[in-house]
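So the protein lines, in turn, are chains A and B.
Reminder that position 112 of the first sequence reads as 614 in our numbering, one-by-one numbering, no gaps.
Reminder that position 82 of the second sequence reads as 521 in our numbering, one-by-one numbering, no gaps.
These aren't lab readings, by the way, just hints derived from the structure by calculation.
Backbone N, C-alpha and C define an ideal beta-carbon position, used for all residues, glycine too.
Hints are supplied without guarantee of correctness; some may be wrong.
Below, in silico cross-link-like pairs of lysine-lysine (DSS-like), each with a Cα-Cα straight-line distance of 25 Å or less [what the hints assert, rightly or not]:
#1 K819/B with K805/A
#2 K815/B with K721/A
#3 K548/A with K731/B
#4 K762/B with K805/A
#5 K716/B with K704/B
#6 K699/A with K683/A
#7 K610/B with K535/A
#8 K752/B with K826/A
#9 K752/B with K805/A
#10 K727/B with K535/A
#11 K548/A with K690/A
#12 K752/B with K548/A
#13 K548/A with K727/B
#14 K826/A with K755/A
#15 K757/B with K499/B
#16 K549/A with K659/B
#17 K716/B with K805/A
#18 K659/B with K716/B
#19 K815/B with K826/A
#20 K694/B with K747/B
#21 K762/B with K752/B
#22 K727/B with K549/A
#23 K535/A with K752/B
#24 K757/B with K469/B
#25 K548/A with K535/A
#26 K805/A with K564/B
#27 K768/B with K744/B
Across the chosen pairs, the derived CB separations fall in these ranges [stated by the list, open to error]:
#28 K731/B with S504/A: 41 to 47 Å
#29 N626/A with M793/B: 18 to 24 Å
#30 H786/A with D799/B: 50 to 56 Å
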Amino acid sequence: MSVMTIVQAINNALDIMLEEDKTVVMYGEDTGKEGGVFRVTEGLQKKYGVERVFDSPLAESAIVGTGLGMALSGLRPVVELQFDGFTYPAFNQVISNVSRMHNRSRGMYKVPMVIRFPYGGGINALEHHSESPEALYAHIPGLKVVIPSTPHDAKGLMISAIESDDPVVFMEPKRIYRAIKQEVADEKFSIPLGKAKVLTEGTDVTVVAFGAMIRECQKAIVMAKEAGISVELIDLRTIYPIDKETIAESIKKTGRIVIVAEAPESFSVGSELMAIANEEAFLHLEAPPKRVMGFDTIVPLAKGEPLYLISPERIFYEIERTVKF
Amino acid sequence: MLNTLKQPVEKITNTESKMIFGDFDPREDKILRIIDNEGEVINRELMPDLDNGTIIEAYKSMLFARTADEMAVSYQRQGRMYTYPPINGQEAIQIAAGLIIRRDDWLAPAFREMAIMLAKEVTLKEIFLYYMGNEQGSNFSKANHVLPICVPIGSQLLHATGIAYSIKYQKKDEVAFTFVGDGGTSEGDFSEALNFAGVWKVPVIFTIQNNQYAISVPVKSQTKSVNLAVKALAFGLPGIKVDGNDFFAMYVAYKEAFENAQAGKGATLIEALTYRKGAHTTSDDPTKYRTKEEEQEWDKTDPLKRLKKYMDKNGIWKENEEKLIEEYKVLVDKQFSEAENFTPYKLEEVFNYMYTNMPDILKKQKADYEQFQNWKENRK
């Protein structure tokens, strides 16, 4: 066991997979010599050489498009896009080719590829550096979308993502890249994609979140406990394929659901979770499902960002209202 | 000095300029250079017909931009501003363009164009406000035809091309200026913008500030092209590689590009060879990817030192530079504290500008949040 941050845990997962599987290659902007702007790939070029870990020219569409070519021809590329808001030039490749090749070729081609990028707000960044586009990716049929919330999960999920024969969009919560430290097993282990995790068991209300919002929810749960409310917290971990069963089971137990996420509320993962609550547990609901999410606005720059970010207080406020409904 | 920045020269010198682009074929990797590192004129024939007063004002503008830039970095280090991308070392390019660009000409910047933004009458206060994390910094109070800072790499080149189409269509006497870094030339948008500008034959001037690095990645890992200017030729545009740290060379390149644009001859690509003396942004650490020796080597080409040496050699410069810098620092600090004391950010600013008229769904989200704020207040 070693104490690791999320950055270190992902680095460790990449290291293990590069060591084990010669078909794994890794590239993106500044990912080679510098080890990425967040240092997630630090030291890997030195260890595995410039043929396997390198800097690409600055072009996101090309990074993803060439990654697809590699994935179709015997490699397992793990490509990095530098920030959430810089992934969009690659959207055409992702939506029109990466996600479709398996279906288009009726299974003749597989796309064992990981597209990883840091996402989310809370770091006082410039525009395009604070976005949570998980719904955009989860809406594309053919992709898996993964978001870890702890170093342990980040490692296990990344290993599963690299081993997946389907393309995986791996979104890393940059706000807690270094904020959480945890004992993580040194050896290789994997966490299955598509499985949510019940972090805290409770009886009054189900709270579903993922990524950096888990930590905020945990703070809200402390406040809820003081108010005599028992919260069941679920970490979604995989956005798609979404784990309907774990969510539905929990709602059936608590009768209530509050969803917490950073992205704009409308047409979001929160919307999907509300649909699951209604479709799978309607007769068990004792209060309307509630979303605590970003406004339908651009994430404000740093001065306005505190108004946009979801605070533990706001989560508690909605938990209490839902329970008292 | 500030006067020059606030009121760009309305008409550039009306002497006939020699058409130079053909003489500097980028395929042969020729570079337009007029003064050397010692400020010695090495191409007298191309020396622009600028009076001493203009040269002095240009130097002062460069000095002001550098002072402001260094102070911006130090404000950031003090935690009084968020991320900031220094322009240090790239002043000659922008101040030369600043002398040519007029109030009605358009500027579509990337994010390392502080000096030309000042020349276009964007205020330092606004620039500081932006990097303090307030969108009001992109709501220019005085500047005309300047687009907000554009962070998605290379995307602004297409906007400038569209603006140039609009200029041509509306038969206006305007030119669009746009900037990109060396890294940005790898983006599809770069090639697409050059292609459209070529097909449409529109008045746009593309400048590549080739400062040698895209964050940590050197130009040699970015392209195997002999240089960046040559990329223009495939799109049927003139391209010229210019010593971007040579104020005079930049000036004559812009002058010709500008005259061509005005004469209906279409777009130009200028590759300005320079060096980013500072970090990519204040979040970056250049010691990870480049050497002190390399930095010292480039320092010999510093645009301010060169122009100063030229002025000294020709007995033009008579000012006390230290005193000037002190004056500039006071001006910069005043702008900074105005930005720092700007009205606190209110909830409505998150919502108000999303649409021309706020849809009900946003009104509801705002009202819900206000209800939460009330609850929070009462709870205390």
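Consistency of the hints with the structure:
1. For the given pair, K819/B sits about 23 Å from K805/A by alpha-carbon distance, which is consistent with the 25 Å threshold.
2. Between K815/B and K721/A the CA atoms are separated by roughly 16 Å; this keeps the pair inside 25 Å, and the hint holds.
3. Among the hinted pairs, K548/A with K731/B is consistent with the structure: their alpha-carbon atoms are about 22 Å apart, no more than 25 Å.
4. With a C-alpha separation of about 35 Å, the suggested pair K762/B and K805/A falls outside the 25 Å cut-off, and the hint is violated.
5. A hinted pair counts as satisfied when its Cα atoms are at most 25 Å apart, and K716/B with K704/B does not qualify at roughly 35 Å.
6. About 19 Å separates the Cα atoms of K699/A and K683/A, which keeps this hinted pair within 25 Å; it holds.
7. At roughly 50 Å between alpha-carbon atoms, K610/B and K535/A are farther apart than 25 Å, so this suggested pair is violated.
8. Taken as a hint, the K752/B and K826/A pair is broken in the structure, with Cα atoms around 82 Å apart against an allowance of 25 Å.
9. Between the alpha carbons of K752/B and K805/A the distance comes to roughly 48 Å, so the proposed pair goes past 25 Å and is violated.
10. This hinted pair checks out: K727/B and K535/A have alpha carbons roughly 8 Å apart, not beyond 25 Å.
11. Using a Cα cut-off of 25 Å, the hinted pair K548/A and K690/A holds, with the two alpha carbons roughly 21 Å apart.
12. Our distance criterion of 25 Å between C-alpha atoms is broken by K752/B and K548/A, whose separation comes to about 49 Å.
13. Of the pairs offered as hints, the one joining K548/A and K727/B holds, with about 13 Å between alpha carbons and a cut-off of 25 Å not exceeded.
14. This hinted pair checks out: K826/A and K755/A have alpha carbons roughly 17 Å apart, not beyond 25 Å.
15. Simply put, K757/B and K499/B have alpha-carbon atoms about 12 Å apart, close enough for the 25 Å limit, and the pair holds.
16. Under the criterion of a C-alpha separation no larger than 25 Å, the hint pairing K549/A with K659/B is consistent with the structure, at around 23 Å.
17. Restraint check: the Cα-Cα separation between K716/B and K805/A comes to about 29 Å, which exceeds 25 Å; the hinted pair is violated.
18. A threshold of 25 Å between alpha carbons decides the hint, and for K659/B with K716/B the separation of about 18 Å falls inside it, so the pair holds.
19. With a C-alpha separation of about 17 Å, the suggested pairing of K815/B with K826/A holds against the 25 Å cut-off.
20. Taken as a hint, the K694/B and K747/B pair is honoured in the structure, with Cα atoms around 22 Å apart against an allowance of 25 Å.
21. Under the criterion of a C-alpha separation no larger than 25 Å, the hint pairing K762/B with K752/B is consistent with the structure, at around 21 Å.
22. At most 25 Å may separate the alpha-carbon atoms for a hinted pair to count; K727/B and K549/A meet this at roughly 17 Å.
23. Using a Cα cut-off of 25 Å, the hinted pair K535/A and K752/B is violated, with the two alpha carbons roughly 43 Å apart.
24. Straight-line distance between C-alpha atoms of K757/B and K469/B comes to about 35 Å, which puts the hinted pair past the 25 Å bound.
25. Proposed proximity of K548/A and K535/A is supported: the alpha carbons are some 8 Å apart, at most 25 Å.
26. Restraint check for K805/A and K564/B: satisfied, since their Cα atoms lie roughly 15 Å apart, inside the 25 Å limit.
27. The hinted pair formed by K768/B and K744/B meets the criterion: a straight-line CA distance of about 19 Å does not exceed 25 Å.
28. The hinted window of 41 to 47 Å between K731/B and S504/A is violated, with their beta carbons roughly 35 Å apart.
29. Distance hint for N626/A and M793/B: a CB-CB separation of about 21 Å, consistent with the stated range 18 to 24 Å.
30. Under the hint 50 to 56 Å, the C-beta atoms of H786/A and D799/B, about 31 Å apart, miss the expected range.
Violation of the numbered hints given earlier is confined to hints 4, 5, 7, 8, 9, 12, 17, 23, 24, 28 and 30; the remaining hints are satisfied by the structure.
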